[in-house]
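Make one complex out of these two single chains by using the hints.
These protein sequence lines map, in sequence, to chains A and B. In this note's numbering, each residue carries its 1-based index in the first sequence increased by 104. In this note's numbering, each residue carries its 1-based index in the second sequence increased by 10.
Rather than coming from a laboratory, the hints here were simulated on the basis of the structure. Don't take each hint at face value.
Unchecked claim - Lysine-lysine pairs mimicking DSS-like chemistry, simulated, CA-CA at most 25 Å apart:
| # | chain 1 | residue 1 | chain 2 | residue 2 |
| --- | --- | --- | --- | --- |
| 1 | A | LYS306 | A | LYS322 |
| 2 | A | LYS322 | A | LYS333 |
| 3 | A | LYS228 | A | LYS322 |
| 4 | A | LYS228 | B | LYS134 |
| 5 | A | LYS306 | A | LYS228 |
| 6 | A | LYS306 | B | LYS134 |
To be verified - Okay, the calculated beta carbon distance ranges per label pair:
| # | chain 1 | residue 1 | chain 2 | residue 2 | range |
| --- | --- | --- | --- | --- | --- |
| 7 | A | PRO196 | B | ARG212 | 48 to 56 Å |
| 8 | A | PRO134 | B | LEU162 | 32 to 40 Å |
| 9 | B | ARG42 | A | GLU360 | 56 to 64 Å |
| 10 | A | VAL310 | B | MET131 | 35 to 43 Å |
| 11 | A | ALA221 | B | ARG42 | 48 to 56 Å |
| 12 | B | ARG212 | A | SER278 | 26 to 34 Å |
| 13 | B | ARG238 | A | SER278 | 34 to 42 Å |
| 14 | B | ASP153 | A | LYS149 | 30 to 38 Å |
| 15 | A | ALA221 | B | ASP121 | 52 to 60 Å |
| 16 | B | ASN29 | A | GLY283 | 38 to 46 Å |
| 17 | A | GLU250 | B | GLN246 | 45 to 53 Å |
To be verified - Per the computed footprint, the stretches of chain B lying under chain A, defined by three or more beta-carbons under 8 Å from a beta-carbon of chain A, are:
| # | stretch |
| --- | --- |
| 18 | 139-149 |
| 19 | 167-181 |
Keep in mind that this is a model prediction, so the values were computed, not measured. All residues carry an ideal CB built from backbone N, CA and C; glycine is no exception.
Next come the chains, spelled out residue by residue.
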Amino acid sequence: MIYAGCDLGIVSAKAAIIQNSDIRAFEILPYKSHPKQAAVDVMDKALAKVGLSREQIDSCLSTGFGKNAVSYANGAVPSLVCLHRAIRELNPSIRTVIDVGGHSFAAFNIDDNGRIAATAVTDKCAAGTGKFVDVMANALEKPVEELSQASLSSNNPIPITNQCVIFAESEVISHINNGCDRLDIFAGIASAVAAKIVGLVKRIDVNEEVAMIGGVAKNSIVVRDLERKLGLRFANLGVDCQVIGALGAALIAKDERESASQ
Amino acid sequence: MIVAGCDIGALTAKAVVLNNDVMLGSEIIQSRSNAVQSAVEVTDKLLKRLDLAYSDIDYCVGTGYGRNIVPFANDNVSEISCHGRGATWLVSTIRTIIDGGGQDCKAIRVDDNGFVKDFRMNTKCAAGTGRALELMAESLGVDVSQLGHLSLEASDPVVLQEPCCVLTEIEIRYLVFEGRDSADIAAGINDITARRILHLVRNLGVRKDVGITGGIAKNIGVVSCLERALKTTFVQFPVDPQIIGAVGAALFAADKAGKLHSLA
Numbered sequence: 105m106i107y108a109g110c111d112l113g114i115v116s117a118k119a120a121i122i123q124n125s126d127i128r129a130f131e132i133l134p135y136k137s138h139p140k141q142a143a144v145d146v147m148d149k150a151l152a153k154v155g156l157s158r159e160q161i162d163s164c165l166s167t168g169f170g171k172n173a174v175s176y177a178n179g180a181v182p183s184l185v186c187l188h189r190a191i192r193e194l195n196p197s198i199r200t201v202i203d204v205g206g207h208s209f210a211a212f213n214i215d216d217n218g219r220i221a222a223t224a225v226t227d228k229c230a231a232g233t234g235k236f237v238d239v240m241a242n243a244l245e246k247p248v249e250e251l252s253q254a255s256l257s258s259n260n261p262i263p264i265t266n267q268c269v270i271f272a273e274s275e276v277i278s279h280i281n282n283g284c285d286r287l288d289i290f291a292g293i294a295s296a297v298a299a300k301i302v303g304l305v306k307r308i309d310v311n312e313e314v315a316m317i318g319g320v321a322k323n324s325i326v327v328r329d330l331e332r333k334l335g336l337r338f339a340n341l342g343v344d345c346q347v348i349g350a351l352g353a354a355l356i357a358k359d360e361r362e363s364a365s366q
Numbered sequence: 011m012i013v014a015g016c017d018i019g020a021l022t023a024k025a026v027v028l029n030n031d032v033m034l035g036s037e038i039i040q041s042r043s044n045a046v047q048s049a050v051e052v053t054d055k056l057l058k059r060l061d062l063a064y065s066d067i068d069y070c071v072g073t074g075y076g077r078n079i080v081p082f083a084n085d086n087v088s089e090i091s092c093h094g095r096g097a098t099w100l101v102s103t104i105r106t107i108i109d110g111g112g113q114d115c116k117a118i119r120v121d122d123n124g125f126v127k128d129f130r131m132n133t134k135c136a137a138g139t140g141r142a143l144e145l146m147a148e149s150l151g152v153d154v155s156q157l158g159h160l161s162l163e164a165s166d167p168v169v170l171q172e173p174c175c176v177l178t179e180i181e182i183r184y185l186v187f188e189g190r191d192s193a194d195i196a197a198g199i200n201d202i203t204a205r206r207i208l209h210l211v212r213n214l215g216v217r218k219d220v221g222i223t224g225g226i227a228k229n230i231g232v233v234s235c236l237e238r239a240l241k242t243t244f245v246q247f248p249v250d251p252q253i254i255g256a257v258g259a260a261l262f263a264a265d266k267a268g269k270l271h272s273l274a
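Same shape as in the complex, but just chain B (with noise of 0.2 Å):
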């Protein structure tokens, strides 16, 4: 039984193909200013690398912020299950799933099965986020893809002040301005999205083994922060961490397939 799961963020739109428990492919690709079309481009694009047709798929779901209309999808699921699920599939002994988004920001926390027991997310403010983050890559000059590796050669970090990420940028313009170290700067843009994440976690509370997936995982400033802060290792997933909420939908997808299957 093939399966889809397609997660159309704020920033990303990914894709994921299973057949029965075995992932088949993935793609990420930018969103586009519309919804439908980062779907529906992002699908293509895995479909063919796969060589497969629509009509090969059993059943899709959609997730993330445009997961109502994902034209394609059998049903759509809460990123936040998605989250969830994928991530226990993968790693089972995860408790407290960091999701780092484009525009959001979660701390979930799973039970034994992998079904989400409580959450806490950003809801007026964007700091914290993958946007913000590449606000202020923007105001420091760097593509937000450095930021993690620029950060490890600081010598001494900048401690920025401003909550809001756009106001930050007159603080890193300042900082610029003053002749310090992009590394040292990048390193304090690292360390006040961590501190924003941890506002959410520690408010969730913290129980092991703890997990970060969305884009911000592959900041190593802001994980390697965070990880310091909660005196905890974060597991090692087996595949990109910005693919986890596609991965989930999909294995929602493959159980609404096997329900329909038996139905029938």
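Bound conformation, chain A alone (with noise of 0.2 Å):
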């Protein structure tokens, strides 16, 4: 059997196709607008990866901002159900989920049954989002990938005092008029975002194993401050961690499917 997830986020859509647990395929694919066409698209694209059609998905769930706007989803699930679920799947040993995404930031603990034990959500502010990484390195003038890799060697870090997103941007500019190494600057924003984050996570218990997911789990950076922050090193969950919500929805589909028909 054949199942999928969708996961629309704000600024890019996630697709996962799993083969009974197998994951099969994934795909993430950045949009700008029509999210609509990028749920589609994002799906056309990973089914082609391995070669099926849409016909041939038993059940797909949505999740995300847009879960009601992929037209092809037999039904949709709130984000935290599916992370949740995906990660029991793929590490029952995690006790902490930190998710740091383009505008959303959030950590949940899960407990010795396996059940969702505390939460904490974003703040009234961007300050610590992946969208706060992007604006900066906009200022930058270069990739956020490039930026997180080489400013790992900087001894540096030039201290970033602003927390709203514009405010820091200034602050970014006025550091490049006067002439700082922009990799420094760089460092000195990654210690900012994964001391916002700290501070989040720190509303909940910071159990081990703990696991970070979201695109900002891709900067080298900013992970490598928060586990120097926490005192510890996350979990290797073994997939691309933007696609732990589109996971989750494909694995919903199949216990709806399969408890549907015992």
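Here it is, written out as structure tokens:
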């Protein structure tokens, strides 16, 4: 049986296709407008990778900000439920999940019985999100991927004092004008983002093992700073940290079919 | 005596030249990434138009975010004092000035002589500023200059909830996505901006007359939300409300030049 999940986020659409419990394919498609079309395209791309067609999917569920706009989905599931389901499948010893996406920013605990125990969600502010990092990288005129790798070698991170994206952007521009090294500036940005995330995570218990997911989990320097500040190493989930929601949706599609057929 | 005021803001740079009590001209440009460059460009442009040279200016005062680094300024004065001074010189009955700038938003109380008595300003968050308006306009897919007029066509304004203008992008995108009318969304953007500004104004306390300066004064949607909430009609400035800080700086320049003159 083939199951699929589509996570339609604010800035990217993610698709996952599973057969039984094995991941057959996944795809991530950043988009600027037309979320409905992005949802269709991302699934078609994932299907094409493994030579399947949409008719061969037994059931598909959607999740994320645009979950109700995924035309081909058989139903919609909240993000937290999907993340929890996928994490349980990937690594049952995870007790804390930190999810930092483009605009979202959340953390939750899983107790020994596998249930969600406590959650903390974003402040009323974009500090610490992927958007914050993107705006700063844009001011530095270099791609985030490049900066996050290259700045790992910075020995002199420049402290960023403003939390507000807009004020921090001006602060970064002033540092550039003052001739500061761009990698030192980015190292300072990463440290500020990590500090903000730690502030949120500390509202719940940080129990090992800890998983970090969402787009910001791909930012090497933020991950390194976060691991240092929390004094631990994140567990390796073995799949792309951006498709956890889509994978969870596919797994729930499978669960629903299986329980219905029993 | 010819004096100049140069207001280097986060988003725009403004210059004003006065000859005694007469305004000779003003100029506004988008700020460059470097404040020195912004100051030079805006002043060059204005002097060229007025057919004046830097040597014709007896005294220049810098103000705004980049006030310390205006290369040809003789001195600098805070933008709060300059907005107070400029606004009272233009409309003597004004007592409360709302300055909606690019990256800051202030409520300023002035006394009968135009001296600043008290003020409130945003410090940690850019919601309610020009840059926030720009970002929200971008999410809606319109230019910030269109937000005001567009909102006048609203029939069922949306109510935005997120206080952070960066996170508001989600809300706006979602509303666009649901097919909400862009005039209704524009009205919601203006409303949330006005609510942030009102927070500062109410904290300071309102005394009439009230006027609004800065780029946000050009958004008729935000202005009418504020007028409605404060139950007053704002004074009309005889000049572009965005140059009032630079006018104030030029007036301070005249004072300082006069003092120098009397000492000599």
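So, going through the hints one by one against the coordinates:
Using a Cα cut-off of 25 Å, the hinted pair A:LYS306 and A:LYS322 holds, with the two alpha carbons roughly 21 Å apart. The hinted pair formed by A:LYS322 and A:LYS333 meets the criterion: a straight-line CA distance of about 17 Å does not exceed 25 Å. Note on A:LYS228 and A:LYS322: the hinted pairing holds, with a Cα-Cα distance of about 24 Å set against a maximum of 25 Å. As the CA atoms of A:LYS228 and B:LYS134 are separated by approximately 12 Å, the hinted pair is consistent with the 25 Å bound.
With a C-alpha separation of about 17 Å, the suggested pairing of A:LYS306 with A:LYS228 holds against the 25 Å cut-off. Simply put, A:LYS306 and B:LYS134 have alpha-carbon atoms about 22 Å apart, close enough for the 25 Å limit, and the pair holds. At roughly 53 Å, the beta-carbon separation of A:PRO196 and B:ARG212 lies within the given 48 to 56 Å, and the hint holds. A beta carbon spacing of about 35 Å between A:PRO134 and B:LEU162 agrees with the range 32 to 40 Å that was offered as a hint.
Taken as a hint, the range 56 to 64 Å holds for the pair B:ARG42 and A:GLU360, whose Cβ atoms sit roughly 57 Å apart. Between A:VAL310 and B:MET131 the beta carbons are some 37 Å apart, a value that agrees with the proposed interval 35 to 43 Å. In this structure, A:ALA221 and B:ARG42 meet the distance hint of 48 to 56 Å, their C-beta atoms being roughly 52 Å apart. In this structure, B:ARG212 and A:SER278 meet the distance hint of 26 to 34 Å, their C-beta atoms being roughly 32 Å apart.
Evaluation of the 34 to 42 Å hint for B:ARG238 and A:SER278 yields a pass: the beta carbon distance comes to about 38 Å. At roughly 34 Å, the beta carbons of B:ASP153 and A:LYS149 sit within the given window of 30 to 38 Å. In this structure the supplied range 52 to 60 Å holds for A:ALA221 paired with B:ASP121, their Cβ-Cβ distance being about 58 Å. The hinted range of 38 to 46 Å is satisfied by B:ASN29 and A:GLY283, whose Cβ atoms lie roughly 39 Å apart.
A beta carbon spacing of about 51 Å between A:GLU250 and B:GLN246 agrees with the range 45 to 53 Å that was offered as a hint. Counting residues of the stretch 139-149 of chain B whose CB lies closer than 8 Å to any CB of chain A gives 4, so the stated coverage by that chain holds, three being the minimum. For the stretch 167-181 of chain B, the assignment as covered by chain A holds, since 8 residues bring a beta-carbon within under 8 Å of that chain's beta-carbons and 3 suffice.
Comparing the model with each numbered hint stated earlier shows that all of them hold.
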